[in-house]
Amino acid sequence: MPSIHQVLIACETAYSRCFSRVFEDAQRLRFRNPDIPDMYDHNYTYIKQSAADAVEDILRQERTFCEAESLGFCKVSADFPLPDTLHGAELETLGYYVYTGRDNRVPTPACTIQKVSSLTMVDALYRMDVAADGARLGEDFCRRRAYGRGKVYLQPGLVDSYLCFLGNRVIGSCDLFIADSTAKIEDFGVVPAMRGKGYGTALLYRLIDIAAENGASVIYLTTDEDDTAKDMYLKRGFEKVGEKYAVLLRTEPVIQDDF
1 MPSIHQVLIA
11 CETAYSRCFS
21 RVFEDAQRLR
31 FRNPDIPDMY
41 DHNYTYIKQS
51 AADAVEDILR
61 QERTFCEAES
71 LGFCKVSADF
81 PLPDTLHGAE
91 LETLGYYVYT
101 GRDNRVPTPA
111 CTIQKVSSLT
121 MVDALYRMDV
131 AADGARLGED
141 FCRRRAYGRG
151 KVYLQPGLVD
161 SYLCFLGNRV
171 IGSCDLFIAD
181 STAKIEDFGV
191 VPAMRGKGYG
201 TALLYRLIDI
211 AAENGASVIY
221 LTTDEDDTAK
231 DMYLKRGFEK
241 VGEKYAVLLR
251 TEPVIQDDF
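Numbering (our numbering), first residue to last: 1 to 259.
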């Protein structure tokens, strides 16, 4: 029987495959999404556990590959700690948090939560993205992210996205992906003006219930270990079971001679 860590790694990989093309060899999985080439989480390389001894060579190879692609960055992730020996490397640690069912649910405000099922709802997701992240990421990126991911949301059997409505206004969204009885909650967000009011908790509870109704025996999410959001997840019945790691490198394009 696979360990909980193996189950989570398999689900992470299956989730990424929904959005990105993948190249695989004995050492790595390289994901690319040509619709959103500047989105880190859709354009990265995962180093397999079996290649841990070759990690520094793989990091150099991936940086060179990303420079040849003129990607502008190189993101590499693994389920073991990554070195910071390459100049300019930014390290990230994410925790795996699994829902235990011991949440003693708190009351939440009234709101409506609906699955994205039409282009009109993708439009609403785009507007919410701009409200939540437009100042930080730019409206163009929010547009490409919302509509690029929307193509996946509208296909059955891949990833579902849910919108949280207060009246007719979209104030939050979250992804839910279920594969082999494992459910991943991802891209959880609430517009700034509505944070801290309980709407995020209402959305989280609803997705937990939907996952359980659809046969998920493991429900989990990942969150940055430097982010205070992890404290909310712990209060809502999640338990940390492990960590994953990533390194982000800025890259320069390779200049091709014309002669």
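It is worth saying that the hints were derived from the structure and are not from the lab.
Errors might be hidden in some of the hints.
Said to hold, decoys possible - Only pairs whose alpha carbons sit at most 30 Å apart, straight line, appear in this in silico DSBU-like list of lysine-lysine:
no., residue 1, residue 2
1, Lys151, Lys235
2, Lys48, Lys115
3, Lys115, Lys230
4, Lys151, Lys115
5, Lys48, Lys151
6, Lys230, Lys197
7, Lys48, Lys197
8, Lys230, Lys240
9, Lys235, Lys115
10, Lys244, Lys48
11, Lys197, Lys115
12, Lys240, Lys48
13, Lys230, Lys244
What the hints assert, rightly or not - Derived CB-CB ranges, DEER-like:
no., residue 1, residue 2, range
14, Asn168, Ser70, 23 to 33 Å
15, Glu90, Pro37, 14 to 24 Å
16, Ala212, Leu234, 26 to 36 Å
17, Thr85, Gln49, 44 to 54 Å
18, Thr13, Gln61, 17 to 27 Å
19, Asp226, Pro83, 45 to 55 Å
20, Glu56, Glu24, 18 to 28 Å
Beta carbons: idealized from backbone N, C-alpha and C, even for Gly.
Hint check results:
no.: 1; hint: Lys151 with Lys235; in the structure: violated (34 Å)
no.: 2; hint: Lys48 with Lys115; in the structure: violated (34 Å)
no.: 3; hint: Lys115 with Lys230; in the structure: holds (25 Å)
no.: 4; hint: Lys151 with Lys115; in the structure: holds (14 Å)
no.: 5; hint: Lys48 with Lys151; in the structure: holds (29 Å)
no.: 6; hint: Lys230 with Lys197; in the structure: holds (17 Å)
no.: 7; hint: Lys48 with Lys197; in the structure: violated (40 Å)
no.: 8; hint: Lys230 with Lys240; in the structure: holds (9 Å)
no.: 9; hint: Lys235 with Lys115; in the structure: holds (25 Å)
no.: 10; hint: Lys244 with Lys48; in the structure: holds (12 Å)
no.: 11; hint: Lys197 with Lys115; in the structure: holds (22 Å)
no.: 12; hint: Lys240 with Lys48; in the structure: holds (22 Å)
no.: 13; hint: Lys230 with Lys244; in the structure: holds (14 Å)
no.: 14; hint: Asn168 with Ser70: 23 to 33 Å; in the structure: violated (42 Å)
no.: 15; hint: Glu90 with Pro37: 14 to 24 Å; in the structure: holds (19 Å)
no.: 16; hint: Ala212 with Leu234: 26 to 36 Å; in the structure: violated (19 Å)
no.: 17; hint: Thr85 with Gln49: 44 to 54 Å; in the structure: violated (20 Å)
no.: 18; hint: Thr13 with Gln61: 17 to 27 Å; in the structure: holds (20 Å)
no.: 19; hint: Asp226 with Pro83: 45 to 55 Å; in the structure: violated (19 Å)
no.: 20; hint: Glu56 with Glu24: 18 to 28 Å; in the structure: holds (21 Å)
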